[in-house]
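K.L.:
Sequence:
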Amino acid sequence: MSETFESPLPAAVDELWEDRASLSPDDAEARGVIVGAVDMLDTGKARVAFVDPASGDVVVDERAKRAILLSFRVLGMVKSEVGDFHHNDRIPLKTTLDGVRVVPGAIARWGAYLAPGVVLMPSYTNIGAYVDSGTMVDTWATVGSCAQIGRNVHLSGGVGIGGVLEPPNAVPVIIEDDALIGSRSMIVEGARVGQGSVIGAGTILSASMPVIDVETGEEISRGRVPDWCVAVGGTRAKEFPGGSFGLPCVLVLKRLEPGQRHDKAELNDVLRQHGVNA
Numbered sequence: 217m218s219e220t221f222e223s224p225l226p227a228a229v230d231e232l233w234e235d236r237a238s239l240s241p242d243d244a245e246a247r248g249v250i251v252g253a254v255d256m257l258d259t260g261k262a263r264v265a266f267v268d269p270a271s272g273d274v275v276v277d278e279r280a281k282r283a284i285l286l287s288f289r290v291l292g293m294v295k296s297e298v299g300d301f302h303h304n305d306r307i308p309l310k311t312t313l314d315g316v317r318v319v320p321g322a323i324a325r326w327g328a329y330l331a332p333g334v335v336l337m338p339s340y341t342n343i344g345a346y347v348d349s350g351t352m353v354d355t356w357a358t359v360g361s362c363a364q365i366g367r368n369v370h371l372s373g374g375v376g377i378g379g380v381l382e383p384p385n386a387v388p389v390i391i392e393d394d395a396l397i398g399s400r401s402m403i404v405e406g407a408r409v410g411q412g413s414v415i416g417a418g419t420i421l422s423a424s425m426p427v428i429d430v431e432t433g434e435e436i437s438r439g440r441v442p443d444w445c446v447a448v449g450g451t452r453a454k455e456f457p458g459g460s461f462g463l464p465c466v467l468v469l470k471r472l473e474p475g476q477r478h479d480k481a482e483l484n485d486v487l488r489q490h491g492v493n494a
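The numbering used here numbers the first residue of the sequence shown as 217 and each following residue consecutively.
By construction, these hints were calculated from the structure, which means they are not laboratory data. Do not rely on the hints blindly, as some may be mistaken.
What the hints assert, rightly or not - As a list, the in silico BS3-like pairs of lysine-lysine whose alpha-carbon atoms are at most 30 angstroms apart:
1. 295 to 261
2. 261 to 310
3. 310 to 295
4. 470 to 454
Construct all of the structure, not just a fragment, from the sequences and the given hints.
P.N.:
This is the structure we're talking about:
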């Protein structure tokens, strides 16, 4: 946790964490503390992680992660029904949906924050996630636990944003403002997509995956696509005792002008040159 960051959640969460092995749904006082903490995540008064505007680094609120993990200890199993669908779980569905469009078939769990202006097509948003205003979570997309999604992001159909809940200090997946994630892409293990970037369909990005600039052949980073660029999945050759094999990577095809709006036709032209689509 950053030395200058102070969690808005009560310090009692940390005390309960140290005694977590002894907690159970019978601990009413502990349950009250944890429910109050997760309620703050649910309403956006606290969040699991954010990008520090001064340094550009991701700051993780470990206390928020601990509150989520403790909720599984202090909440009992509850049966519920939604029409013909029967559920048996510790975590209820989200009910604070002011200004959010939730299409039938969409599921969001309590403890996930959805800002006004978010659109959920039939999809799944897990506890601890933060989805900012103007973002669309398209059909069959998944926003994993604690993932942080910026403003005006489009998560296209079938996108998988991985969850990162344990350990508490682990950095979750970060998708910054104005990004477009192409259909069936998978962004996992705390990987990060920069502001305004476009990820081509079917791209897989993990925290350890090389991101390579095709113009220079240089490795830009591991697991982070820079701001304002077009990137797709690719492979690079590596020699092994058994021969030369292609290992997965992400290729940066083009740099966009900062603030450039996404022109779908223009982007598809760029991607189709390389045999992919947005």
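K.L.:
Take the hints in turn and mark each one as holding or not.
P.N.:
Hints, verified against the model:
no., hint, in the structure
1, 295 to 261, "28 angstroms, holds"
2, 261 to 310, "15 angstroms, holds"
3, 310 to 295, "15 angstroms, holds"
4, 470 to 454, "24 angstroms, holds"
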